[in-house]
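Listed here are the chains, written in short residue letters.
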Amino acid sequence: MADTAQALPLTERMAVESPARRAWRRLLRRKGAVFGLCVLGVFVVFAVLAPLIAPYDPIVQSWSAVRKPPSFLHIFGTDDVGRDVFSRVVYGTRASLFAGVISVSIAVSVGVPLGLTAGYRGGLIDALVSRMTDAMLACPFIILAIALAAFLGPSLGNAMIAIGITTTPIFVRLTRGQAMQVKVEEYIEAARAVGNPRWRIALVHILPNIFPAILVQATLSIATAIIAEAALSFLGLGQQPPQPSWGSMLDSAQRFLTTAPWMAVWPGLAIFLSVLSFNLIGDGLRDALDPRSR
Amino acid sequence: MLKFIGKRLLQLIPTLFFVSVLIFSLQQLLPGDPALVMAGEERDPQVIEQIRKQYRLDQPLPLQYVYWVKGVFSGNLGESMRVKEPVLKLILEKLPVTMQLASMAIVIALTIGISAGVIAAVKKDTVWDYGANIFALWGLSTPNFWLGIMLIFLFSVQLGWLPASGYVRLKDNWEASLASTIMPAFVLGNAIAAVLMRHTRSAMLQVLESDYVRTARAKGLLERRIIVKHALRNALTPVITLGALEFGTLLSGAVLTEQIFTIPGFGKLIVDAVFNRDYAVVQGVVLVTATMFIVLNLLADVAYHLVNPRLRP
Numbered sequence: 001m002a003d004t005a006q007a008l009p010l011t012e013r014m015a016v017e018s019p020a021r022r023a024w025r026r027l028l029r030r031k032g033a034v035f036g037l038c039v040l041g042v043f044v045v046f047a048v049l050a051p052l053i054a055p056y057d058p059i060v061q062s063w064s065a066v067r068k069p070p071s072f073l074h075i076f077g078t079d080d081v082g083r084d085v086f087s088r089v090v091y092g093t094r095a096s097l098f099a100g101v102i103s104v105s106i107a108v109s110v111g112v113p114l115g116l117t118a119g120y121r122g123g124l125i126d127a128l129v130s131r132m133t134d135a136m137l138a139c140p141f142i143i144l145a146i147a148l149a150a151f152l153g154p155s156l157g158n159a160m161i162a163i164g165i166t167t168t169p170i171f172v173r174l175t176r177g178q179a180m181q182v183k184v185e186e187y188i189e190a191a192r193a194v195g196n197p198r199w200r201i202a203l204v205h206i207l208p209n210i211f212p213a214i215l216v217q218a219t220l221s222i223a224t225a226i227i228a229e230a231a232l233s234f235l236g237l238g239q240q241p242p243q244p245s246w247g248s249m250l251d252s253a254q255r256f257l258t259t260a261p262w263m264a265v266w267p268g269l270a271i272f273l274s275v276l277s278f279n280l281i282g283d284g285l286r287d288a289l290d291p292r293s294r
Numbered sequence: 001m002l003k004f005i006g007k008r009l010l011q012l013i014p015t016l017f018f019v020s021v022l023i024f025s026l027q028q029l030l031p032g033d034p035a036l037v038m039a040g041e042e043r044d045p046q047v048i049e050q051i052r053k054q055y056r057l058d059q060p061l062p063l064q065y066v067y068w069v070k071g072v073f074s075g076n077l078g079e080s081m082r083v084k085e086p087v088l089k090l091i092l093e094k095l096p097v098t099m100q101l102a103s104m105a106i107v108i109a110l111t112i113g114i115s116a117g118v119i120a121a122v123k124k125d126t127v128w129d130y131g132a133n134i135f136a137l138w139g140l141s142t143p144n145f146w147l148g149i150m151l152i153f154l155f156s157v158q159l160g161w162l163p164a165s166g167y168v169r170l171k172d173n174w175e176a177s178l179a180s181t182i183m184p185a186f187v188l189g190n191a192i193a194a195v196l197m198r199h200t201r202s203a204m205l206q207v208l209e210s211d212y213v214r215t216a217r218a219k220g221l222l223e224r225r226i227i228v229k230h231a232l233r234n235a236l237t238p239v240i241t242l243g244a245l246e247f248g249t250l251l252s253g254a255v256l257t258e259q260i261f262t263i264p265g266f267g268k269l270i271v272d273a274v275f276n277r278d279y280a281v282v283q284g285v286v287l288v289t290a291t292m293f294i295v296l297n298l299l300a301d302v303a304y305h306l307v308n309p310r311l312r313p
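Protein chains in written order, with my numbering: chain A, 1 to 294; chain B, 1 to 313.
Hints are computed from structural coordinates only; laboratory data are not their basis.
Please note that a few of the clues may not be correct.
[Claimed, not checked] Some but not every residue of chain B turned toward chain A, in silico, with C-beta under 8 Å:
no.	residue
1	W68
2	G248
3	V288
4	A290
[What the hints assert, rightly or not] Reference excerpt, derived from the structure (chain B facing chain A, CB under 10 Å, subset only):
no.	residue
5	S141
6	N144
7	W161
8	P163
9	A164
10	G166
11	V168
12	S177
13	V271
Where a beta carbon is used, it is the ideal one built from N, C-alpha and C, also for glycine.
Next comes chain B alone, as it looks inside the complex:
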């Protein structure tokens, strides 16, 4: 097991290297002289010269990269041009907000996705199955920003049940906090529920045809017990690992969802940074999300090996 983890960790090094090159080279896409762009409206030659010095733009590219990576390793992701604060501090401030949203979304997605998947598999080729499949197609095809707008229209404008925008911190007032995040969490969870439903359905169909389920049936066990204890438990393993890969979808979705519900999280941070041409923040957010995704992927892989006895050496 340790050998496996070690091997996977070693494989991370080249991936992380390319991620860093990718993010560093984003800066090279800026049309024209980056110092000029970063200086914004001010075209004071002195300011431009200072920016050039500060960001080492006068040095050759590989050297700039080395300085940048060195900074990243010491926790320095640069400084926001707009609010003059370290990028890492901004990211750490916003992270808990998005994490709250993401955890709520995952709970919603697991609840809807797995139960719909189980029902669809057990009642294969019935109205229930078709219904669950239509739900999955709907979830995969609805743009989450449109769903968000429609929910605001229904629950905030028409019914007046929930706040249309804004965010209350969990520790300040948990009820208001849940009210302010339930709609965006549902929007985020909806798309992932669709993916989980499809995975659960196919995994369950496979397991339900297996020998041990037939044995359980032959023993005369209750069907409900067979489905929950024998089938679902085994079907869940691939579902959970594949579900971990949906973390990227979650973060992508958070960008637009937070924008619509004006929730001051991670997604809002990157959109605001894009509009304010705060490039260091954009790079920092991409770097942090990519690293989180890679680590989560590794954990999912390890977990998969741990729970699957056939993969153990």
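Okay, chain A solo, but in the shape it has when bound:
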């Protein structure tokens, strides 16, 4: 391939743009997506540089600074045991982003191979996988995640596993449907005609063609997973205290709404903004990766 690219005259070579580059260029043309990327960028910086950004230790309690309203010393105020809310929001980013990305990675790495096999092979495997997917999708998302987390035991790791398992059927169904659509295309027939083994057709010819759809769904699923992690932590089934997490911060904030409402504002806003950013990026990616849209 490199040889042909070299042989192209200069003008044509400039016109050849990789699909990823084109998608990225189109994504940057969308205001919503750019806003989402910026917000996400801030959260990533928060997560990576938390010790440098957070002015206080997020765990150490201070009885002289209980439920102080926002001020120069504590810009988001302090909580019921005197911890700096801003520092806890900054550190909480780690749990939320981590949970979002890891649980969706679990779902993708289990769901995509299953869906690909079911969609491409069809037959008994397909029937079996599809019915299992139907069964899991029949259980409401949060209820199944709560049940799984409850039976696995409360911890951030188990919450991620629970959310990952609950998200898996979405990817199975998506990949299966896409694979079934692609496998009847002529280029797949051509690949089969020249004697490619089945696994090679699935991995080299089908998977790259359905990758955009998986990427869009993964981005939107991270948004759902962040809400789910916050929900599980809110119920005490996720990140365990005293480690900071936006969900558990809201849980304790609820008890002090009359005396310290700021405790509830910031962690909730953080969840909202991070979820919004992934939703905006996902919507933007969908348009940017759609070959029909200009």
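Chain B: place on chain A using the hints.
Positioned in the frame of chain A, the structure of chain B alone reads:
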């Protein structure tokens, strides 16, 4: 039509089978010996032995499953460890509360979602359209438990208009009942309104470009009449069917919303059961919600076929 319903009913059997296997196997996730976990603090060997006998934990797994399914078919979902009452009775007690909340939420979601969707489609690419889209993004991105807390802060703590928590039954005092459920119903309806708005908008855009709408316009009908009678009526079919799928979102949302507003419904039941390690109740709630969802899905499918003449054989 009957053939179609029959076929769909047959398809339900394997799905329900896998649902039951899934819920039964939840129990296997418990770390260690389930009898030990169920015995709780008491580690009396006699108690453990009795639990093992009572729940047939001494039998092989497939046999345990068969006994469990047999129980489910005869309406026996097990017994709550904590309150020593049949799980089915507990669920049936809580169901009307959640149903009241859910119906109110659906009314709110339909009202906001469909009107916002129609406005966005009719006034495409105007401020109205952008506004409706921002509203949808907000609805999809706001965690309902945070929205709930913020509403309590505004309407109960600051303004003192509505009760922050608690529930009054509809038949005891309907006004107090509505006051105690309007905030949680709005929280639940908000997220679904966002989804419905997006569906309505795209369905309306499609219909507004269709030939019969062009014909109606050519006949010189009033625009309002075209939108309501010609476009909306046809656009609503996919919206309602897709809306039925949001039932799962509704039940998921009810879990946290009921927790925040301390409403003694279905969601509160499962959360309390999780905290009290009342595993039979957890399994029962998941089983009942999944079955309700499957049945509703089937009804939506049948309804879709009934109202769509093109799908009729």
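Fill in: Hints that the structure is at odds with (numbers, increasing)
When the structure is compared with the hints, numbers 1, 3, 7, 8, 10, 11 and 12 turn out to be violated.
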